[in-house]
Amino acid sequence: MQDFDTLLKNSSAAHGHLCSGQVVGVRMAMLGCRLISLDEPTRIDQIKKLIVYVEMDRCTGDAVAFVTGVKLGRRSLKFMDYGIMAATFVNLETNTAFRVISTEEARDLATVYAPEVPEKYPQQIEAYKRMPDSVLFRVQKVRVHMSEYDLPGPTRRKVACSRCAQVVRDNREVVQNGHILCKPCAQGAYFSEAEEINWPNMNWTPV
Amino acid sequence: MIKTIKLKDAVGTKLAHDITEIRPGEFKGAAFHKGHTLCNEDLCQLQKLGKNHLYLIDLEKDEIHENEAAAIMAKALAGKGVVWKNEPREGKIGLKAGINGLLTINVAALAAFNMIEEVMCATLHNHTLVKTGELVAATRAIPLVMKRAPIERAAAIAGQTGGVVSVLPIRQRKTGLIITGNEVYQGLIEDRFAPILTRKLTDLNCEVDCISFAPDDTEIIRQAICSHIDRGCDLILLSGGMSVDPDDVTREGIILAGADEIYYGAAALPGAMFLVAYIGKVPLIGVPACGLHHRTTVLDLVLPRILAGEKIGKKELAFLGHGGLCQDCPECTYPHCSFGKGS
Chain A
1 MQDFDTLLKN SSAAHGHLCS GQVVGVRMAM LGCRLISLDE PTRIDQIKKL
51 IVYVEMDRCT GDAVAFVTGV KLGRRSLKFM DYGIMAATFV NLETNTAFRV
101 ISTEEARDLA TVYAPEVPEK YPQQIEAYKR MPDSVLFRVQ KVRVHMSEYD
151 LPGPTRRKVA CSRCAQVVRD NREVVQNGHI LCKPCAQGAY FSEAEEINWP
201 NMNWTPV
Chain B
1001 MIKTIKLKDA VGTKLAHDIT EIRPGEFKGA AFHKGHTLCN EDLCQLQKLG
1051 KNHLYLIDLE KDEIHENEAA AIMAKALAGK GVVWKNEPRE GKIGLKAGIN
1101 GLLTINVAAL AAFNMIEEVM CATLHNHTLV KTGELVAATR AIPLVMKRAP
1151 IERAAAIAGQ TGGVVSVLPI RQRKTGLIIT GNEVYQGLIE DRFAPILTRK
1201 LTDLNCEVDC ISFAPDDTEI IRQAICSHID RGCDLILLSG GMSVDPDDVT
1251 REGIILAGAD EIYYGAAALP GAMFLVAYIG KVPLIGVPAC GLHHRTTVLD
1301 LVLPRILAGE KIGKKELAFL GHGGLCQDCP ECTYPHCSFG KGS
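Protein sequences appear in the order of chains A and B.
For the first sequence, our numbering begins at 1 and goes up steadily by one.
For the second sequence, our numbering begins at 1001 and goes up steadily by one.
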């Protein structure tokens, strides 16, 4: 794994800016990988051993994903929408998992760890670099129950929704009264009033 | 796990913790100690102490008793020059100075430690001069029984840089004094600076090796500094010539002598025109004229720190600001006042 400064620089560039969330995320990922004994998580021999559950869609989440190399499309990044500054690092080979939680008190302690920096956000960035892991994080050893349908690899199951005919992958369908349904049909969705349309230049192709 | 039992049913059981008795103005301490086996005769006194129920403790695997917690925390908190005994009193363990010296507190680590739920540590102010055996800090777990994990995390925070509370020895230095000013050099007035600085140094067990006098002349001041360094002085105090008049040239003399670092101005009153410089590893301290008129100045705040081996720079002088205002009391009570206690 690269050193902290290099990881922070590159992660911030990928994210778009340097912020306290980036510092916390890079450090969270470094600690998480250390706990599950993966020293080069983006290297080919380790990349398939790692699953990371990220519990926030904030700057920290991007930094965790950057450092560990986990990706939604590779199914190594799982987004759990808890709104908690935490991530769980799973080593599939050793079946060990640790949940690393960013402490709330770290925010209050920024003033004592970087007292010479007057402005709030630069002070947090500097302070979060200086704090030891023990101040910045709490860690829980956890067990993660993963279905075979959550693992990386080829699609293991495909079914069609009996109402809208949409194909549903990886056991995400819902069975109601014996009927297979996609989640939007069964439970409602984040969108509403869906109406099929045509659009301008609809025959465009990139090649 | 804690179970509550009625006092009348407690005969024959062992106390789970010290029972404190307070007689205002007379006594505060343990009337009964943890582990004491209760007998019928104890019940009356316990009732007088307001106890009608007692705890029975059966610790779970992940739980810890306050006394064990206090010992874990004391061990982690204690840095160099600090001693403690594993003899908790009412759940508290005191940390004492193991040597005479300067108390140093890792304030950030102390704050982080105290942010952990159910633990606490209170200390004397950072940079207080302390004597062997003096109580400098105390720690305890707040509840009687708690989870082990937070205690161990608190201990990790406390122990990260070798402990939160340390006492650094005041190292003896071969000290040279340079008293500047035409008025003294030419004998127009009697010098009063040398006796004051000598007393402050000897109060810290530091002997003055040599005293020289220099007029307001940068070259002669430079020569005096170099002469002291050649004699082997590893600390030089210069008085006078630190202000803004054309004759105040001590600072220029220090620069001419080859100062590698120079920090002029301290966020303290009296002592705003204080100076710290370094030639190699030798600290030079420029004491402004306030040192003549005020019993306590910024010199009293900085000198012990330099003698304890701390490198003083811009940041250290700037951080004096909070608490750096002397109230100039008719009768000086320093160090028993707020002067210098904020940094």
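Take these hints with a grain of salt, some might be off.
Unchecked claim - Straight-line C-alpha distance at most 20 Å; calculated DMTMM-like pairs for lysine to aspartate or glutamate: (1) A/K141 / B/D1234; (2) B/K1314 / A/E105; (3) B/K1314 / A/E116; (4) A/K141 / B/E1152; (5) B/K1147 / A/E93; (6) B/K1341 / A/E105; (7) B/K1315 / A/E119; (8) A/K141 / B/E1063; (9) B/K1315 / A/E116; (10) A/K141 / B/D1062; (11) B/K1147 / B/E1117.
Because the hints were derived from the structure by calculation, they are not lab data.
Hint check results:
no.	hint	in the structure
1	A/K141 / B/D1234	54 Å, violated
2	B/K1314 / A/E105	29 Å, violated
3	B/K1314 / A/E116	11 Å, holds
4	A/K141 / B/E1152	15 Å, holds
5	B/K1147 / A/E93	31 Å, violated
6	B/K1341 / A/E105	25 Å, violated
7	B/K1315 / A/E119	17 Å, holds
8	A/K141 / B/E1063	17 Å, holds
9	B/K1315 / A/E116	8 Å, holds
10	A/K141 / B/D1062	14 Å, holds
11	B/K1147 / B/E1117	10 Å, holds
Of the numbered hints listed earlier, those contradicted by the structure are 1, 2, 5, 6.
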